[in-house]
Amino acid sequence: MNEINKTKNFYTLMCLAGFLIILLPVGIANLIFGYMLGDSPCTLCWGQREAMIFIGVMALFIVRYGMKGKYLAALLIMTAVGLYQSFAHYGNHAHRDLDQGFGLAV
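The opening residue of the sequence shown carries number 199 in my numbering; numbering runs sequentially from there.
Simulated from the structure, these hints should not be mistaken for lab results.
Yeah, the Cβ is synthetic: ideal placement off N, Cα and C, and Gly gets one too.
Mixed in with the good hints, there may be bad ones.
Claimed, not checked - Between beta-carbon pairs, the in silico distance windows are:
#1 293 / 236: 24 to 30 Å
#2 212 / 243: 24 to 30 Å
#3 243 / 200: 41 to 47 Å
#4 209 / 291: 37 to 43 Å
#5 231 / 282: 18 to 24 Å
#6 290 / 205: 41 to 47 Å
#7 287 / 207: 33 to 39 Å
Can you build the whole structure from these sequences, using the hints too?
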């Protein structure tokens, strides 16, 4: 019985993590920044959002179909792609850093 509870808790946490990855960063960025504030994201922002969505969807696939090598490989590859995109995105602006994030000079 204890093993069944562990498995159920694992699947519940993976499902919750997948939904949170899809809904929170991508949902907030699209709804609040895109529609309410009228901000149009750059192509690198879209690439990062796509990577986050793909990672969340792969987590849901792992919950639904089990821990298979192809899902784990796709998850790790897309995580690496997302990390590369985030470093490339940050690298474009890092030289302008004023030791206080990307804010204006005080």
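Going down the list of hints, with the structure as the test:
no. : hint                  : verdict
1   : 293 / 236: 24 to 30 Å : holds, 28 Å
2   : 212 / 243: 24 to 30 Å : holds, 27 Å
3   : 243 / 200: 41 to 47 Å : holds, 45 Å
4   : 209 / 291: 37 to 43 Å : holds, 39 Å
5   : 231 / 282: 18 to 24 Å : holds, 23 Å
6   : 290 / 205: 41 to 47 Å : holds, 44 Å
7   : 287 / 207: 33 to 39 Å : holds, 35 Å
The structure fails none of the hints (numbered hints given earlier).
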